[in-house]
Structure formats: structure tokens, C-alpha cells
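Protein chains in written order, with our numbering: chain X, 9 to 128; chain C, 9 to 128; chain L, 9 to 128; chain H, 9 to 128; chain Z, 9 to 128; chain S, 9 to 128; chain E, 9 to 128; chain Y, 9 to 128; chain D, 9 to 128; chain U, 9 to 128.
A few of these clues could be false.
Subject to a maximum C-alpha distance of 27 Å in a straight line, what follows is the list of computed DSS-like cross-link-like pairs (lysine-lysine) [unchecked claim]:
| hint | chain 1 | residue 1 | chain 2 | residue 2 |
| --- | --- | --- | --- | --- |
| 1 | E | K46 | H | K15 |
| 2 | E | K101 | H | K72 |
| 3 | Y | K69 | C | K46 |
| 4 | U | K46 | Y | K69 |
| 5 | Y | K69 | X | K69 |
| 6 | X | K46 | Z | K69 |
So, partial list: chain E residues that the calculated Cβ filter (under 8 Å) puts toward chain Z [said to hold, decoys possible]:
| hint | residue |
| --- | --- |
| 7 | A113 |
| 8 | H114 |
| 9 | G115 |
| 10 | G116 |
| 11 | S120 |
Think of the hints as simulated: they come from the structure by calculation, not from any bench.
Even glycine gets a Cβ: it sits at the ideal position worked out from N, Cα and C.
Chain by chain, the residues run as shown.
Protein chains: 10
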Amino acid sequence: MPDNAPKSADLETFANPAPQRDYDITIEAPEFTCVCPKTGHPDFATITLVYTPDKLCVELKAYKLYIHAWRNVGIFHEAVTNRIADDLIKALKPRKLRLTGAFHAHGGITTSVTVNYSAK
Amino acid sequence: MPDNAPKSADLETFANPAPQRDYDITIEAPEFTCVCPKTGHPDFATITLVYTPDKLCVELKAYKLYIHAWRNVGIFHEAVTNRIADDLIKALKPRKLRLTGAFHAHGGITTSVTVNYSAK
Amino acid sequence: MPDNAPKSADLETFANPAPQRDYDITIEAPEFTCVCPKTGHPDFATITLVYTPDKLCVELKAYKLYIHAWRNVGIFHEAVTNRIADDLIKALKPRKLRLTGAFHAHGGITTSVTVNYSAK
Amino acid sequence: MPDNAPKSADLETFANPAPQRDYDITIEAPEFTCVCPKTGHPDFATITLVYTPDKLCVELKAYKLYIHAWRNVGIFHEAVTNRIADDLIKALKPRKLRLTGAFHAHGGITTSVTVNYSAK
Amino acid sequence: MPDNAPKSADLETFANPAPQRDYDITIEAPEFTCVCPKTGHPDFATITLVYTPDKLCVELKAYKLYIHAWRNVGIFHEAVTNRIADDLIKALKPRKLRLTGAFHAHGGITTSVTVNYSAK
Amino acid sequence: MPDNAPKSADLETFANPAPQRDYDITIEAPEFTCVCPKTGHPDFATITLVYTPDKLCVELKAYKLYIHAWRNVGIFHEAVTNRIADDLIKALKPRKLRLTGAFHAHGGITTSVTVNYSAK
Amino acid sequence: MPDNAPKSADLETFANPAPQRDYDITIEAPEFTCVCPKTGHPDFATITLVYTPDKLCVELKAYKLYIHAWRNVGIFHEAVTNRIADDLIKALKPRKLRLTGAFHAHGGITTSVTVNYSAK
Amino acid sequence: MPDNAPKSADLETFANPAPQRDYDITIEAPEFTCVCPKTGHPDFATITLVYTPDKLCVELKAYKLYIHAWRNVGIFHEAVTNRIADDLIKALKPRKLRLTGAFHAHGGITTSVTVNYSAK
Amino acid sequence: MPDNAPKSADLETFANPAPQRDYDITIEAPEFTCVCPKTGHPDFATITLVYTPDKLCVELKAYKLYIHAWRNVGIFHEAVTNRIADDLIKALKPRKLRLTGAFHAHGGITTSVTVNYSAK
Amino acid sequence: MPDNAPKSADLETFANPAPQRDYDITIEAPEFTCVCPKTGHPDFATITLVYTPDKLCVELKAYKLYIHAWRNVGIFHEAVTNRIADDLIKALKPRKLRLTGAFHAHGGITTSVTVNYSAK
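Generate coordinates for the entire structure from the input sequences, incorporating the hints supplied.
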């Protein structure tokens, strides 16, 4: 992982206000950008997170800053989507999580990557 | 819960006209607004309720006033969505209920919260 | 039920041309209007019917006139949707039926009611 | 069935190039028109076919001509949709087939008819 | 298969960065064109690939060039869609794969072909 | 004009709060319905009013009731649109006015009627 | 002009209810079909008429039948659009008229033809 | 004007970075809400500002707070739209300005108000 | 101009059926493809032609073949759009013509080129 | 202007292939990002350029790199849009130019800036 990448510890959390039930939180971040490690050109994506919190929820402002912190990191589509999912799973220990990175078209080709996780 | 929040008892009901069958009622309220307890800035959301009534249905005008009554309450997205679900479950004792709060984007981030409930 | 409401018997039928198989017929009627029994104001809705015919299909012109016949009847959303479903079930004895009344927004609130029926 | 209706034998076929697997072919024909046998007025529909071929696929140009051949046939919505499905099942002997006739609105009423077939 | 068709070996791959989990990669290529072997007229399609990688992912630039390489090949819709799926299955040995070729309308008829594959 | 038609005098007004400038007020009423004088069938339309007030503005609740009052009046599309324009011109004496009645499709035919008026 | 084409005289009219002002009537007919004189294949179009009536308006049912009457006439896009405009100008003597024939795509090519007429 | 209304002086400004040319700035604020002075019910609108700056531009954060400050003010649609325009004209002295308040539907009626201003 | 480019003479014409009036013909061809002379990669565009015919109209099938004939020609966006316009002006001598080439996005950049011509 | 901003000289050009006529080139770049000089947060925009070339056209790859080069520059919406317009006017000396920067919503507020230039 590149040295300038954000860390799971940057994802501040707060106590889930309704741990007695399963419910879903969806967070859509259309302003993700990183850099292609091969060409140095910027990549743009919408990162969509859906998770069922257990004890912790992610704090929205910290999540926004975490997403922004990828801005000058060189990393491929498949790797960064898996890495963001790993960071969130580590920080939140959610019951369930789905993360999608939907990247803008380049060379006439559009790519998206979707990770599903379940604690059970 | 803030003192100025509306109460479950504000949700007037009427007798379900077809208790012999399971059927669904969907109510979409795009004019929900409350206040962020941290920044004091207003938050806006569409609150969508889908429920299967048992003995009681919620009266539409009372529901509208209940939704409006959150206008100056300081409360977070996750908390208010769970609280409205709790108030409706207490007032209606529905067979099933799903409540979604879809909040407007802020800081380039869109959030929605979805609660599912089943009496069984 | 109000005296001026249409009756199940108004729903003319014809013999299902393919009773040997299960298939679905969808009929969308966007020109439904009735009257709120409390305020006297008109209500507007799209009534969507999906059914699997058994021995009988509903005749389209008769169905249109039946829908129009609610024009000056005073009745609530939940009651009229269940009543139209009941009239169709009585007239057609379908294998399956789903009826949705999607009412226009009033007071910033949109409501729809969906009834599901299965003969088995 | 009216004498001027097209026949199943009009549907030319060719050998399925990948019979070793189940896969789906979808063909949308938005230029279907026939005639109402009661009023003589034209009816317009989009005919959508989805099927899993077994040994045979339908040839596209022959299918287009078959669809056009209904142009002056007097037949009801429910009957013609079932008939086209029957003709295709006879000609192709598909593993699975779904056929939908989505007719334009008349008298403020929109109708569609959907037939599902499975060889097993 | 025509001699000028691209080969499975043209599909360069790289090591899956997250083989420990099942996740999906979607690649949409709206700039596919080949030639009708009967009429010589060009055909245009959007090729959509969704797959769950096992040990290998397809390299995006090589995939783009592979798609472009069909430009002057004469081949039917059903055959080319199955062939692209075969080439990808051979090159990637994915856990799951779905490939859809959605061809532009011709003669008023729109066709799409969808292949599903599962390693198990 | 039918006896049961609403009158210009039903259109209550209030004093324009900004008579010092030309500005536009747009009011869209999608719940207009009247009756075809030939067939007795209901007609549905969206009535869109755009006007530049001079001394008077139309009161919204009175306008809504005026629109509803056409519900059981038998009148043709061209006549009712011109009549509503005449009633508004008489009641408001606006600097400019445009009124459109966009009627739902019947017999596969959609009609709209647009009247433009300028005081100068 | 083919012998089986409809005639201007088929377009019944009624007296303009508001000849004292210029106003516009728009009629959209999405169910136009005729036949290509070269290939015999059917053509489909949406015919959109916008006119400012002088002494006469076109009767909607007669216009619908006139549009339907082109069903089996062999005629090109450019010719039929100009001919329908000519028939309407002759029958209505409108102050202004615009007629558009928007034909469905064939061979991957979409065509529309627009005629403008002004009495002055 | 109600005492709790925001003032023109709340609209902070900064020096136009390109006063040598005419150019347009568009600001859309979909989170406007005020209160109906007659019923006490909340009203919601999108306020869209388009202006050509002269010496001054409006500061975005101050504009957002100004828009939010109408939250508990009782004022009609026509009055508040003209008042916001007046406040902006006083604060910015723009070369040109257009302000639209597009209010949510109530009672089945949607209203918008548009003010145009030109310094010349 | 590349040697393999199509020529103006490929554009067959027929006599304008209504030379007595100005009217517009719009032809949209979404299946244009050529090759980038620098990279050799394919470019895709929708070519939209709007013209007012004088003595001649372009024959649709010949126009389609002319558009297809650019398939393997290496030429830039700006040059090919001007060249197609020149070929049409030479072949048709139209009263007016507008030609737009709207190219697919590459490198995250979308380009279109629009040429306007008037005989006067 | 910040030191790390791109320069007009970065905009490579090529000779206009059709200087004998006025025509328009539109280039849409949805992947613009810069940094807010006050908060340090990233801003995102779509930059749309429409120009009539005189002697020179902008080279697309150089333009893409110029747009990307704003990535870490701190600059306000109004300033950067005017600056990009100035750089293009200096490099291309176009007959006409329009440049729009449409920025993503922040704080519930969406902004766009549009510059128009004409050589005459």
C-alpha cells in the first residue's frame, strides 16, 4: 500500500444509537479521486457504502476527509475498492457491508468494483 | 431525546378498513427538516414509510404535522430515523414496517438510513 | 360503502383465451378520481391492476367505466383501494391479483396502497 | 384464429451456436400493430421476447416479417399475445420463454400481457 | 470462427489483489462493432461484463484492444457474445461471469444476448 | 357557457406586493377534470398559468377551488382553455398572461391548447 | 398521390370558439403508420401538429381517422409530411401551422420532416 | 416585513475578480424553507439566482446562511421572492439579476415566482 | 483527404417533392465510426444533419452507406465534420444545412463539432 | 494567480482545418478538480468550452492535461473560470468563446460560472 494512503484509524466512529435492531446506512461519495499508478493520470469515482452497524457508526465528516485523502495516492481500481472496504471493516466491525467504486469511463470503458462482507 | 421532539402520541390513528388481509401503505414525506446538533445547520430529508397495518392505520394529517414538528429539533440522521420508526411502531403496532430517511447531500456526501421491522 | 359507489357486477368479463397457462395482465388507469369524505376535495390516483386470469378476463371498456364511476363517491384512500380489489376478486375469481392505488401528493405527502391476493 | 394471421411456420430458425449452455436472447419489436376486432381501430404494441434457446434460434429478419404480418389481423390483446407465444414455442422448442405485449393507452387505459413458459 | 477474430490469449491479466473474498468487477464497453456476415453491414453493441475474479483480473487496456479487434470480423450476434464469454472464461478462470451484448436496433428490432457462467 | 361553470368572480385576489416591477408567477394545476359534452366521458388536463401581475395577484386557494369547480361541467378542450383565460384576465387585469391546457391522450391523440394575452 | 390516400375533405372541422385572439392548438398522434413504396415494409411515425386557428378547428375524432387512413398507403417520409400539411392547410385555412413527422429509426438512421406555414 | 427576517446587510460580498467583462454566476439553493403566515404550515422552495456581477460577488457561505435565516419567518411566496431579489440588488448592485423561487406543490398546485432586474 | 474516404458523388439524391416551400429534414446517424490518424484507435460519433432542401433530397440508404464508408478512414474530429458538410453541400445544394458530429468521450473529454451553412 | 497554476502556453494548438467558415467546437471536461483556498477542501466541476475557431484549434490531449493541472491549485470558482477563459482566448484567439464551470453542490448550494467572449 502506498505510504501516502489514508489509514483505517482515520475513520472516527460513534456509538450506534439503535444497536437493538438491524438497519442500513447508505453513504454515497461522488467526489473520490486517486491517481493511476501506471500513467499518473487522475481517476474519478463515486464510492457507495451500505452497511448494517453493530456497535459503531462512521462519523460523516471523518469519512469525507478519509475519502479526500486518496487524492494523490497512486493505486488501481480493484485494489483501492478492496482497501477502503478493509479499512471500514476494521474500524466499524459492521454486521454487513457492501462497498462499490464506480469509476468514470476512460478509453471508452467504464469499470465498477463491488465488495460484499458479512460478519457471520 | 430532545425535549422539543414530537411524541408517538401525536400520531393519531383510525381503524384499518381491511384487517382481514395483509396489504401495504406507502407514505412519502419530502418536506422533513431538522437541525444538526453539532453545527446548528438545517438538515433536509425525504422520509418514506411503508407498512402493513394490523388494527390501526396512521391518520395522514396527523402524520404530516408530526413530520413538521421535527423542524427545530437538534438530532443526528441515524438517531432521528430510528426514533420515527419507534414512534410509529408504538402507535400503530403494524405487522411490518420499513422507514427510510434519505438526507440531502452535504459536504459532497449523501446519506440515507433504512429501518426494517416485523412483528413476528 | 357509499350508495353511489360502483358495484362488482358492473365489471363485465369475457372467457380467458388461454386458461391452460398462468399469464399476467396489467392494466394501468391514470384517470381515477374520487372525493375526500372529510373535506369534500377531489383526490386523484393511478390505479394499477396486475392479475393472473383463471376462467375470466375483465372487459377493458367496462373496467374504464367502473373506474370513472368513482368520480363523485366520498371514500378514503385505504378503503377504496381495498374495495376495488374486492370487486375485481368477486367478478374475476383470478388465480392472483395485485392492485395499487397511487394517490397524488397533498399537503406535501404522497400515499399509495397496495393489495395482494392469491387464490391458493 | 383469423385466416390472415401469420403462422408458426413463418418463423425461420437457425442452429443455436452455443447449445452447451443456458443463455438468454432478448428481442424487442416496438412496431407491432393489429386491429381491434370489435371497433376496427388499429392497436399498437411493443412485443418483447426473452428466451433460452435449446437447439434453435429464431432468425431476426423472419421474426420481423412475422411481426409485421399481424398488421391487418383483427384480434384482442390477450389472444394475440398468447398466440405469438404459442407460435414461438412451436417453432423454437426453447428451454424457457417470456413474451410481453405492451399496448399503447386507449381510453386512458394502458394494458400489457405477459406469458411465461418453461420446457420443464 | 473467422481467421481475423481476436484470441483469448490477447486478454492480458494481472493477479487479483483480494483473492480472499468474492467481489464483482463490472466493465462496460459501449464501442463494440463487428460486421454482419450476411449483409456486410456494420453492427454496433455495448458489451457488459460482470465477473467474480479468482486468481486473475483482466487488464483494462488489453480488454479495450480485444474489443476493438472485432471491428472487421463478420459474425452473428449470438455467436460473438458466446465467443467473447468463452475467451474470457479461458483467460480468467473466474468464479462467476455474466456477459451481455446489447445490439443497436436494426429493421425496428433490438436484440441482446446474455451469457451466465459459474465455475461451480 | 354551461350554467354549472365557475365564474370569474370566484377568483379571489390580493394586492401585488411588488407592483413597481414586472415579474412572473407560474401556477401549475395538474388536477383539472371536466366532462366531454358529446360522450359524457371525463377529460383530464394540467392547467399551467404564467402571468405578470399588475395591481392584483390570484389567491392560490381560491384558484384551486375554481379549478376543481369545472369537475362536472360539459365543455370542449378549446372552449374551456379560452374561458379560463378570459376569467383570469377579467379578475386580474394582468400585464401579460399565458394559459395552457395540456389534456391527457385519448384515442391515441394528445391535445394541448395555449392562449397568450398582453395588456398592451 | 396514391389512390388509397385519405383526402383533405375527410378532415371535419368546427367553428373556432375564440376567433378574437391568436392561440395555439397542439395535437400529437404517435400512432401513424404507412408503407415504404420501395420495399413494402411498414414505416411508423409520430405526427405533431401545432396550429393557430382562424375560423375553423379540426375535429379530433375525424383527425384520428384521417391519420389511421394512411395505414396501407405507399408513400415516402418527405412526401407524406408535406401532403398532410397541405390537407390541413386546405381544410382549416389556419393563421399559422407547423407539422412534424418524426419517423422511427431504420437501418440505424432516424429521420424527421418539419413543415412551417404562415397565412401572411 | 417580519422582524425576524434576514437583512440585505447579512449578504457578505467580495470583489469581482473579472470586472472587465460581463459574465454570469448561477447559484441554486434547494433548501429554502419559510412559514405560511396564514396557516403556520412550512413552505419549501428552491431559490435560483443568476446574476452578472459589477464590482461585487456574493460570498457563498454568507448566502447560504441568509437563505437558512428565512426558516421561521412567516411570509407569502410572491413577497419573499421579491424581497430576496431586493436584498441582493441592494447588496451587490449587479449589472443584471434573475431570481426564481420554485415552491413545492400544495393542495395539488405548484407555484413559482421569477423576478428579472437590469441596472440599465 | 485520405484516399479511402467516401466521395460526395456517393450521395444519391431524388427530386424534392415540395420545392414550393421551405421545410426541414433531420437525419440522425448514431453509428458513425472512423479511426484516429495519430493513435489508430477507433472514434465513434452521432452525426446529425438538418437541412432545408432546394431541388434535391438525399436518398436515405445511400446516406447510410456513405456514413458507413468512413469506418476505416483515419481523420480528426474537426476535419471529418467539415468534410461531410462539404460533401452534402456539393451534392444537395441545400437552402440551409447544419451538421453536428457528437463524438464519444475519450480521456474523460467529450467533443462535438457543428457546422452551419446558408445558401444566401 | 497561484504559482502552481497551469499556463496558457500549455495549451497546444493545431491549424483550423476549415478557416473559411464559422463553426463551433464543444469540449466537455467533467473531471476538473481544484482546491478551495479558504478551507483546503477539494472542489469538483465540469468545464464546458464552446468556441468558434479562427486560425487555431486546441489540441485535445494538451487541453486534458491543462485541465488536470489545476488539481492541487487553491483558487475560487469565479476566479478559475475567468482564468481558464483568459488562457484559452490568449492561446486560440477564437472568433467566439463560451466557458462554463459547473461546480458540484456544497453546503446544499450549487454554483456555476459562465463567461462569454467575442472577438468583434
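Next item on the list: Could you check the structure against the hints above and give me the numbers of any it violates, in ascending order?
Entry: Those not satisfied are hints 2 and 11.
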